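**Q** Residue numbers (this note's numbering), protein chains in the order written: chain A, 83 to 218; chain B, 693 to 953.
None of these hints come from the bench; they were simulated from the model.
Just to be clear, a hint being listed does not mean it is correct.
To be verified - Derived list of chain A stretches under chain B, where covered just means 3 residues or more per stretch with a C-beta under 8 angstroms from a C-beta of chain B:
(1) 120-128
(2) 132-142
(3) 168-180
(4) 196-206
All values derive from a computational prediction rather than experimental measurement.
A virtual CB, placed ideally from N, CA and C, is assigned to each residue, including glycine.
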Amino acid sequence: RRRADMFVIVGRSEPLYELELSGGSGASASGNLDQFIIHSALDMVDTALLQHTSLFLRTVDSFGEKFVSAYVTPSHVKFMLLHERNKNEDTIKAFFQEVQELFVKITLNPFYTYDTAITSKGFDDRVRALANRYLA
Amino acid sequence: LGSWLRRLLPRSGGGAEQSRPEPEQPGAEVGFARHAREPRDADGGGGGRGRGGGEAARAWGARGRGPMAMESRRSIYDRDVSRPRQEVSASAFGFLFSEIVQQIQRQAESINDLEGRLEEMGFGIGVKVLELLAARDRRNYRHKHKLVPCLRFVSTTLWRYLFGRDADRLEKSSEQDNEYYIYEKDPLTNRYISVPRQYGALNCAAFAAGIVCGVLDASGFTAKVQAVTVETEPGEAGEADQTVYVVKFDEEVMRREAQLG
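Just chain A, with the same shape it has in the complex (with noise of 0.2 angstroms):
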C-alpha cells in the first residue's frame, strides 16, 4: 500500500524546501495533488495559529485520507507534513522539532537569506535521514 508523505517549509510568500517521502511502489501518481493539499491548508494554518500559542500546532487540515500537520516557528516560518493517520502524534512533533534545530542552524548562516529557498545538500540530506527515523 503506497504511502506518499510529503513535508515542506513554507515562507512568508513560497515554499523554501520540499521533502517528496514516497515509500513503497514507484513515483507518486498525486504529486501535483499533494502540493495543493498542503498549499490549500495555510490558511488552516493562520487559523490555528491565531487560536494556540504553542509551536506545534498538530493536524490543521486533511483531505480524504490524508492529514496535515503543522509547526511553526517563532519567526512565522510553517513546517508542514502531509500524512496519513498512522502516525504518532509525538513522533511528528519529534520530527519537526529536529528540523527546526537544522532550520536554526542555517538561519544563522550569514551566507543564507532568511526566507528563501534552501538549496543546502547538507540540509537536504539530514532532513532525509529524520524522515527515515521518525517517519519511515
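Given the structure of chain A, go ahead and fit chain B onto it with the hints provided.
**A** Positioned in the frame of chain A, the structure of chain B alone reads:
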C-alpha cells in the same frame, strides 16, 4: 587505487623529488586536505607535475567531495545550538562595532543614512536571534499574539541574551496609542563611542534598535524602532545621556490588536 591506499604504499620511481611534505594540520580539515594533495589520477612517477596542494584541492573540489572527505568534514549542522552561554568580551565587541561604524560612516551620505544602515544591520541579526533563543527554550517558548508580551520578551529575554541584563524600563506612550518606549541608560553599543558635535543627535544604538525591529517584525509585529538620545538636564551631575528606543507599531498591528480585544 583509492587515494588513501596509495598513501600506505611506498612512493614509486619517477623523478627526483616527489617528496611532498605532509605537514600535520590539526583539526577536522586534516582528512580533506590530505586527500586534496593526492588527486585520483596522479601517476606516482612522472615528476614535474608540480601540483601544489592548492591546485589539487581545487581539482578535488570540482569533482565533488568523496565519501572519505565527508566523514571528517564538520558542517554547520553538527554544531550544537544549545551550547551553554558564552560570554564575549566587551572590548572585542567594542573593536568590532567601532569598525562597523567607521565602515558605514564612509559609505553613508547623511546622519540619517548612517543610522539607517546601522538599523538595517541589526534587523538581520534580530531575525536570527529570535529563532535561536526560541530554539534554545523550545519547551517553554510560545507564540506571542499580543504586542505587550512580545515587548516584554524583548526587554527581558532578548536584552539578557544580548547585553547581560534587562532593559531599564518599558513604557507605553500616553499620547500615541501605537508607541512604546524602552529605556536604557548605558547602551553597550555606545560605551566606547563619543559622538562629535557635528554629528548632532546621532545615536549608534540604532544598531540595537535594528535588532529589536528585526525581532518584532519576525514575530509578526511590524514596527519602526528608533534609538533616540534623551539629554540629561544640565545640573544632573554624573548622569550620562539616556537612550530611548521608540517603538512605533504599524497600523495593521494595531488593528489586529484591537480585534483580539
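**Q** Against each hint, give a clear statement of whether it holds in the structure.
**A** Outcome of the hint check:
1. 120-128: With 0 residues closer than 8 angstroms to chain B, the stretch 120-128 of chain A misses the three-residue bar; violated.
2. 132-142: holds (count 5)
3. 168-180: Contact hint for the stretch 168-180 of chain A vs chain B: violated, 1 residues under 8 angstroms.
4. 196-206: Result for this restraint: holds, n = 3.
Checked against the numbered hints listed earlier, the structure breaks hints 1 and 3; every other hint is satisfied.
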